[in-house]
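For this one, chain A is given, so just place chain B on it according to the hints.
Number of protein chains: 2
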Amino acid sequence: MILLGSTGSIGVNTLLIAKKFSLNIDVLVAGKNIDLLNQQIKEFDPRVVVIADELDIHKVNHKNVEAGNEAILRAIESSECELVVNALVGFLGLAPTLKAIECNKQVALANKESLVAGGEFVDVNKIQPIDSEHFGLWYLLQENKKHKKMVITASGGAFRNWDLNKLKNATLADALKHPNWSMGQKITIDSATMTNKLFELLEARWLFGKGVYDAVIETNSLIHALIEFEDGSTTAHFANASMQLPIAHALKQNMNEKILPNVDLLKIGSLEFKQINSDRYAIWEIKEDILKNPHRGVVINAANEVAIEKFVANKISFLDISKEVIQAYKKFDVKAKNISDIFEIDKEVRKWSKQL
Amino acid sequence: MILLGSTGSIGVNTLLIAKKFSLNIDVLVAGKNIDLLNQQIKEFDPRVVVIADELDIHKVNHKNVEAGNEAILRAIESSECELVVNALVGFLGLAPTLKAIECNKQVALANKESLVAGGEFVDVNKIQPIDSEHFGLWYLLQENKKHKKMVITASGGAFRNWDLNKLKNATLADALKHPNWSMGQKITIDSATMTNKLFELLEARWLFGKGVYDAVIETNSLIHALIEFEDGSTTAHFANASMQLPIAHALKQNMNEKILPNVDLLKIGSLEFKQINSDRYAIWEIKEDILKNPHRGVVINAANEVAIEKFVANKISFLDISKEVIQAYKKFDVKAKNISDIFEIDKEVRKWSKQL
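Respectively, the protein sequence lines represent chains A and B. Counting in our numbering, the first sequence runs from 1 upward without gaps. Counting in our numbering, the second sequence runs from 1 upward without gaps.
One chain only, chain A, in its complex shape (with noise of 0.2 angstroms):
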């Protein structure tokens, strides 16, 4: 396969389940971690390696190493590899994304901004998605069962128990308190803004089509996806937490292995379900909009990265993120006739964004 992303945690879990199941490794990308990459060069022996940093390349062991998003694309398409696991992080992961499919490849997608920013040019029966709460919706999915709404849950992220009046003083290291686990940097602030749960509504918009979305804070992140039967059933994922199960699904059909324990609920005890208001989470102002409109993701994704790099410079406060990103998404009402006009509404978010 071909590994987008191999240093961060789903990369490197996605190596372990490729181990378990002896898949080879064609292409691994990384960014900055060479130190990992080269452990994992070592073990998986690819035959292509791309990092981010022409300035790095001499600290690779490897012959094949290129730098730069082009190389990514470019092998993407020397690969005869048919599967693209792909988690880079942001708006960049859009591209490989797309070449992948492209070139005629499955994708394992958990770069959600590909959807979120080009979810309607992307053919989403090329896509398997490793996420918890995707993976969730897709197993409870039953052919001659009709649905009539489709629930992921939030596990309210790191200020999810804040006192309101002091949400405006929350810093970096605040924010990146994950309640329940270790993420990257971005992700992490997106799920104390809640934007991440919003990206995941708009990604299951596209992955499972027109219907009805929401999303419930369950405290202890082992209920990952609900839904809602049309006969009054509900239906229920639970997992312990960890990518492992959703990556083993995406790299091998139908797979009935074990990859995780079960939840044991006596241990747990009990399990907590609240709403998620704009109260806490402004961003939540514009979910039922933006799920009629979820070609206008492109807007929330650009001025969200922009954002989160200038509260990530402490330029501007944690709640300004979500302002900043609402103000975007009034601002341009804007609908992609193409693929390159997703590209151009990004560019000019991005523009936009900065010289707030």
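Source of the hints: derived by calculation from the structure; they are not laboratory data. All residues carry an ideal CB built from backbone N, CA and C; glycine is no exception. Treat the hints loosely; a few may be bogus.
What the hints assert, rightly or not - Where chain B lies over chain A, by a calculated footprint (3+ residues, C-beta under 8 angstroms): (1) 224-237; (2) 253-260; (3) 269-283.
Chain B alone, transformed into the frame defined by chain A:
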């Protein structure tokens, strides 16, 4: 259809669903509630009516009324209907189940004693269970996914929060205070002793075959069943507590109509899981053993019916019910060779239990 037990809560709900789906009622079988039966006759105009007691025949507003167990079997035999809904209570429901299958009819089965006592000799391909737990398991099963454990839930019954020391003084009135809903007398007592859940595990064992079965207490009675899959996924079936949902599916294949409102998790707020232990529920002591030897269900069913009669007649205490059932279970280590043996064993155990 042929409806056995039309005036109980399952029977009444079955008629509501039959009306919704415009299904014809060919035979009504009821017990002592002649007033309600007469209303049902007026509304559904059955061809044949059967009641329990010959002395009540003159009260029934129908020209074709018979009485007694043999009359039930004749009514099944004489009907052209393909579906029998068996909502009789106790061991006397077994013979009609067998007769219906012998006549090549489908059985929508709420009479759990049919499987508990005679499961080994009942063709389960002809059975659709009317019970939230088995319906939930059936709903969750998926062809391509390998399951490793099936779990049903229990409310915990009337005494789930009682001081253990006070249980010895529990009265019939106490035992009938079910925490979550109202059902008939026998099943409510079985719920208080947890014998009802043991019976449902045995039913599940016959319906779904060899495997691992267990039960947990879920105090809100909103989750009815869970399946643990091999990969580490667990799925759960949630529904508001109403028998109309399993009944509707039993009466109509591929049913996708609205029967109930879906559970509102945000209104519920939280769910609580507790272990079933034999300190509070003495019958749980024999759970593992009987699940390995499900053919011995006939013994505990007979002993349980007798013990409940004694408890209702104020001849033994609440705690004596399970004590006597366990005594009988230890005394009668028998295996029926055929269905006649089942009836013989049932008789023998009853005789012994009465003299205890």
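Hints and how they fare:
Only residues whose C-beta sits within less than 8 angstroms of a C-beta in chain B count toward coverage, and the segment 224-237 of chain A has 11 of them, enough to reach three; the restraint holds. Note: the segment 253-260 of chain A has 7 residues with beta-carbon separation from chain B under 8 angstroms; the three-residue rule is met and the coverage holds. Counting residues of the segment 269-283 of chain A whose C-beta lies closer than 8 angstroms to any C-beta of chain B gives 7; at least three are required, and the coverage claim holds.
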